[in-house]
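Undergrad: As you go down the protein sequences, you meet chains A and B in turn. Residue numbers are given in the numbering used here: position 393 of the first sequence equals residue 393, and the series is strictly consecutive. Residue numbers are given in the numbering used here: position 317 of the second sequence equals residue 317, and the series is strictly consecutive.
Wrong hints could be hidden among the right ones.
What the hints assert, rightly or not - Partial list, computed: chain B residues near chain A (C-beta under 10 angstroms):
| # | residue |
| --- | --- |
| 1 | H66 |
| 2 | Q67 |
| 3 | L70 |
| 4 | D85 |
| 5 | A145 |
| 6 | L148 |
| 7 | G151 |
| 8 | D156 |
| 9 | R174 |
| 10 | E263 |
| 11 | R266 |
| 12 | S270 |
| 13 | T277 |
| 14 | T287 |
In short, the hints are calculated from the structure, not lab data. Being a predicted model, the structure only gives us computed values, none of them experimental. Where a beta carbon is used, it is the ideal one built from N, C-alpha and C, also for glycine.
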Amino acid sequence: MRKTTRRTWALAAGVMSISLLATACSNDSGSSTGGGDDKGDGKITLTVATFNDFGYTDELLAEYTEANPNVTVKQTRAAKSEDARTNLTTKLAAGGSGLADVEAIEVDWLPELVQSADAFADLTDPAVEGRWEDWKAKAATTADGKLIGYGTDIGPEGICYRADLFDAAGIPSDRESVKEFLGGDSATWDTYFAAGREFKAKSPDVAWFDSASSIYQGMVNQLTNAYEENDGTPKPLADNADVKKLYEDTLNASADLSAHLGQWSGDWDAAFQSNGFATMLCPAWMTGPIEERAGGITGWDVADVFPGGGGNWGGSYLTVPSTGKNVDEAKKLAEWLTSPETQIKAFLNAGTFPSQVEAWDSEDLKAAKNDFFNDAPVGEIFAKRAAAIDVTPFKGPNYFQIHQTVGDALNRVDIDKSESIEQGWTSAVQAYDNLGL
Amino acid sequence: MSVQSPAPERVAPQGAPRAPRRVGFSQRLSRWDVKLSPYLYISPFFILFAITGLFPLIYTAYVSVHQWSLLGGQGDYIGFQNFTDIFAQPAFWRSLRNTFSIFLLSSVPQVLVAIVIAALLDQNLRAKTFWRMGVLLPYVVAPVAVGLIFGRMFADQSGLINGALGFFGIDPIRWHVDALASHVAIASMVNFRWTGYNALIFLAAMQAVPRELYEAAIIDGAGRVRQFFSITIPQIRATIIFVVLTSTIGGLQIFDEPRVFDEAGRGGSSQQWMTTTLYLYDVGWGTQRNLGRAAAVAWVLFLIVVVIGFVNFAITNRISTSGADRTTTRTRRQRRAAARSSRRSA
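Next comes chain A alone, as it looks inside the complex (with noise of 0.2 angstroms):
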């Protein structure tokens, strides 16, 4: 009997201070559910968690809070995607609490968010009726209909060059020459190759462009069904003829075109100081990573040609999750930001250049100039481009894994020189059938 007791006691205390610990625990996670306030009399506060800069600049929000007094929006900013992708998709992983109230997302993430659309508010609404082109919303849209993002910025395609290393090569270096000389409104990938082959010739010391993941990148975009059909389903890499043809064109060109630099290392971001090579496939925000890598050296320049038609690489959106207190206002709140007029102004902020096709035709994008790419009109160029995009490419919960594949072979073959252009290919085959999709 004794001996019960006192084991009952042991016991008993255990599993207090357990319990004690678990309430604890809870207790905490329970007061941030949902992100934004209540504060009694209306008046509420809306987070907004965004990554890197969207341009929303505390006078910018406190517009909204002008326009509609009982709101206050704070946002939270990642310093990069990957920390707000991660602390996204942990979230949603446990039911959604602790999440903001308005949610930025990466293009990247749309095929895997959109499976999982429960977790956010449907943003239908005549209101964003033809606010974007066709391709941006389609990518934030269910099988079912359902929109579960507002596009902010996108990532439309020209090429920036080195004019001074085409002065030196002695090529024409003005945009409207630069433009010709790639093929004008009808460039190719072969014109593009061509041009380089012909740069080459004067100027043997720098390569033509970085790296051939990154030329990949940018065909792969232009197929509308790279890796998987239209319901999902993975294309056998084996048999997937065209994304072949892109790979061997990609290889045998940069052969001796190519830098050999993978993009985002530091034997890249070197080359820029180093004149490693006069052209890059350049989205509109890629104009800051260049600026940033390139200090001190002059010459940068934007051409509105891009081979192939047009491209898009990135852009983002806004989401609500359906957890959040406040889904309706933060839905307002989203459309708001998403607005062409607003977006204007955040690319004015931090040159995130509009999605909305109206914002395209605005005089304040327009008159937007960069300065350090030789005062380019980015805006207007960057409009033209935009409106040359007309592939929606369709990326599945399959693409990234299929695209890291093909992505690895192109860096083994151009970059680590390990392999040939064949058996780059046959070990992407292998790695896809080990995906086992």
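Keeping the supplied structure of chain A fixed, place chain B upon it in accordance with the hints.
TA: Same frame as chain A, but now just chain B:
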């Protein structure tokens, strides 16, 4: 509580079985205090461990036998399917190879160099604290910062190291292409950070070695090297075991350094330096987003760490013991006992 007052007890009929068991509550309380309190005092650690260590461990095992996607959550029970899946992936085996290679290249030199540095710091130096703090300095730098800086230094084309090699007429080494070269580069980051830290732990142990042993050894005519091998090493055996175990556990779980070694953080385009933890991360949070498989990798890694840990424990134990056997150093108690017996016999 009135029941426990003594009066009714006395009136209770003789032979009532419960009567002698009646004890004052305060008395009972003090008995609990004696028997239970020690366990309560140490319980916070075990409760916290149960919540933050044991529970995740068991839950990971639970996840590893289910289909479990990062966002979709729990799926069907599939037994050991996740384990057979990862065993079928060549990337898993390559990650094991990389992990062991980096582990050997980091832990072995690290422990050896740390002991030597500690022995040097144990000498009579001027400005002792300065030198001791000096070796700890790299430890203050965050591993990611180390990774970023070393990543630049080891850059294939523009790196400082290849530049220096070029100065001596050596061809540039392709740090981000060759598997072994990348392992050396990553191991150097780990060593940079941890050698000083381990050296200080060894130093603390060495300072606890009784100085009479060295005096006796000097009288016996032992040189510095002999003293080091015959006194220092056997005397700090327990610490060596500790350091070897912690660096084994750490070495098999290297993540930060390979993760930031290049811009993609996936261990290279042919997984040259993808360690098992990096593979785990790639499976769970990379493109596959398969937490079930990631949990299976975690468990396999856990078992490997336990096994290697035991092997290292056995090896270290043996080496140091045999070192102690060879010399005739004794503990203080043995020495005193010997002195007593010699006095008695005299």
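Undergrad: Output the indices of the hints that this structure fails to meet, ascending.
TA: When the structure is compared with the hints, numbers 1, 2, 5 and 13 turn out to be violated.
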